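Colleague: Protein sequence lines correspond, in order, to chains A and B. Residues 1 to 227, numbered by the working numbering, are exactly what the first sequence covers, in order. Residues 1001 to 1227, numbered by the working numbering, are exactly what the second sequence covers, in order.
These are computed hints drawn from the structure, not numbers from a lab. Bear in mind the structure is a predicted one, so any value in this text is a computation, not a measurement. Incorrect hints may have been included.
Stated by the list, open to error - With the Cβ distance kept under 8 Å, some of the chain A side facing chain B (calculated, not the full set):
{"no.": "1", "residue": "P40"}
{"no.": "2", "residue": "L47"}
{"no.": "3", "residue": "T70"}
{"no.": "4", "residue": "R137"}
{"no.": "5", "residue": "R159"}
{"no.": "6", "residue": "A165"}
{"no.": "7", "residue": "G166"}
{"no.": "8", "residue": "R172"}
{"no.": "9", "residue": "T189"}
{"no.": "10", "residue": "T192"}
{"no.": "11", "residue": "S193"}
What the hints assert, rightly or not - Negatives, chain B to chain A, calculated, CB over 10 Å:
{"no.": "12", "residue": "A1017"}
{"no.": "13", "residue": "R1093"}
{"no.": "14", "residue": "E1127"}
{"no.": "15", "residue": "P1133"}
{"no.": "16", "residue": "M1207"}
{"no.": "17", "residue": "A1214"}
{"no.": "18", "residue": "A1225"}
Unchecked claim - According to the in silico footprint, chain B covers these stretches of chain A (three or more CB under 8 Å from chain B):
{"no.": "19", "region": "149-155"}
{"no.": "20", "region": "178-184"}
Virtual Cβ for every residue (Gly too), placed ideally from N, Cα, C.
Protein chains: 2
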Amino acid sequence: MQVNIIIVKDMVQLDIAGPFEVLARVPGWRIDLVAATLDPVRTDRGLTILPTQTRASAKPSDMLVIPGGTGIDDAMLDADWVDYAAREIESARYVFGICTGSLLIAATGALSGRRAGGHWQARDLLERFGVTPSHERMTVDGKFYTSGGVTSGIDMALRVVADVAGEETARRIQLAIEYDPAPPFPGGTPQTSPRTIVDAVLEQSHMRRAAREAKVNEAAARLKARR
Amino acid sequence: MQVNIIIVKDMVQLDIAGPFEVLARVPGWRIDLVAATLDPVRTDRGLTILPTQTRASAKPSDMLVIPGGTGIDDAMLDADWVDYAAREIESARYVFGICTGSLLIAATGALSGRRAGGHWQARDLLERFGVTPSHERMTVDGKFYTSGGVTSGIDMALRVVADVAGEETARRIQLAIEYDPAPPFPGGTPQTSPRTIVDAVLEQSHMRRAAREAKVNEAAARLKARR
């Protein structure tokens, strides 16, 4: 199983790291971090990761993994990334989007008419690509596995491993990474967080949301023009 | 708040990435990844990270963070790392160990007579340094915050932020990273996993455990000799 994880500048590093930790522990799976070049890639809060392959050198994906973050908004408008994603999605056996990674999958047109999830602040934007937004933490539609925001990539990675390599393997990994989560207080979704917390997070990300929405609209217009 | 995260070769990258994602989102906190040199650091399953500071260039730690993995076993026997950790632990206001990171804290002698946690397969080894092993997912003793294995670093990072920057800030971060975890099946601890899974994980890591135990014994002997 060749697993290719797309990495671009300004991704959320935990969108990459959570699924990486789970997928890289499956015996026999080879994981590559695929970037435009082999230069170091800076994630949105300053942690910098080295790619292991470029788009040109990467092996064909049995599984394509697309993490999220504001960098993905730019990738939706980068023809090289859209072309690469479209080609790999076409031939991959599994496609796994984390957080806003589902927006890039959607921008290729591959999710049109399907259901997909994403970060709670962005998943409504999937509709612009003709995708039905799912409000669940894990959504599976055909070969497409899409998760909610950031940390939900860990839950979904275990689901992917269970479906592809068997539940026994997934449960061994869950135990090895001691994944019996216990957040110190309730929260983590708009439904489980106090209204004041939800409002504060929306307020903090107001500008980022507006910028994302504009890029999604442009990517959706380009998709329409290609059809 | 200056947060310094120690990174060495062959760490578990999610031990770094989970807490990084939480701590880096606190307004005003500056996070550095501190290594022996500025060369890229390869984690145990091939994801490679760039340090932002060396031990020599790093600012004094208000908070020192020590992730785990087999690389920490070697750091316990590296006088430069033990000296750096001892000095920073002495002056830091908070010390946060994830997974087997608590072994390096213990190897400096700073935890003697205290309680601390660690990965379920390694925490009994804390006793060799005169530390009482905690079997809880999060353990706080004075300024020392220690978590269980790998993913428990996310829970503990939220606890650390709540205690230091306030629960409001921690809950905003929890919502922003959509941390309402839902593992697809129960497990994650020896108590919640079937016996066959526990036995398989122990069998897989038998050699690593033996190597770690030998290094802990040597580090404990060195600590005794220094006293």
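Colleague: Does each hint fit the structure? Answer for all of them.
Modeller: Verification of the supplied hints:
The closest approach between the C-beta of P40 of chain A and any C-beta of chain B is roughly 6 Å, which is under the 8 Å cut-off, so the hint is satisfied. Because the closest C-beta pair between L47 of chain A and chain B is about 6 Å apart, less than 8 Å, the hint holds. With its C-beta approaching chain B no nearer than about 13 Å, T70 of chain A sits outside the 8 Å limit, and its interface hint is violated. For R137 of chain A, the interface hint holds, since its Cβ comes within 8 Å of a Cβ in chain B; the closest pair sits about 5 Å apart.
The interface hint given for R159 of chain A holds, since its Cβ lies 5 Å from the closest Cβ of chain B, which is under the 8 Å cut-off. At its closest, the beta carbon of A165 of chain A sits 13 Å from a beta carbon of chain B; the interface hint therefore is violated under the 8 Å criterion. A distance limit of 8 Å between C-beta atoms decides the matter here; for G166 of chain A the minimum to chain B is near 12 Å, and the interface restraint is violated. The beta carbon of R172 of chain A comes within 5 Å of a beta carbon in chain B, closer than 8 Å, and the hint placing it at the interface holds.
The criterion of a C-beta within 8 Å of any C-beta in chain B is met by T189 of chain A, whose closest approach is roughly 5 Å, and the hint holds. Satisfaction of the interface hint for T192 of chain A is found here, the shortest Cβ-Cβ separation to chain B being roughly 6 Å, below the 8 Å cut-off. The restraint placing S193 of chain A at the interface with chain B holds, with a minimum CB-CB distance near 5 Å, inside the 8 Å limit. For A1017 of chain B, the requirement that its beta carbon stay farther than 10 Å from each beta carbon of chain A is not met, with the minimum near 3 Å.
Residue placement check: R1093 of chain B keeps its beta carbon more than 10 Å from all beta carbons of chain A (closest about 20 Å). Every CB of chain A lies more than 10 Å from the CB of E1127 of chain B, the least distance being 19 Å, so the non-interface label holds. Listed as a non-interface residue, P1133 of chain B keeps its Cβ farther than 10 Å from every Cβ of chain A; the least gap is roughly 14 Å. Against chain A, the non-interface label of M1207 of chain B holds: every CB pair exceeds 10 Å, the least being about 15 Å.
Residue placement check: A1214 of chain B keeps its beta carbon more than 10 Å from all beta carbons of chain A (closest about 21 Å). With a cut of 10 Å on Cβ distances, A1225 of chain B stays outside the contact zone with chain A, its closest approach being about 33 Å. Note: the region 149-155 of chain A has 6 residues with beta-carbon separation from chain B under 8 Å; the three-residue rule is met and the coverage holds. For a cut-off of 8 Å, the count of residues in the region 178-184 of chain A with a CB near a CB of chain B stands at 7, and the three-residue condition holds.
When each numbered hint is compared with the structure, violations occur for hints 3, 6, 7, 12.
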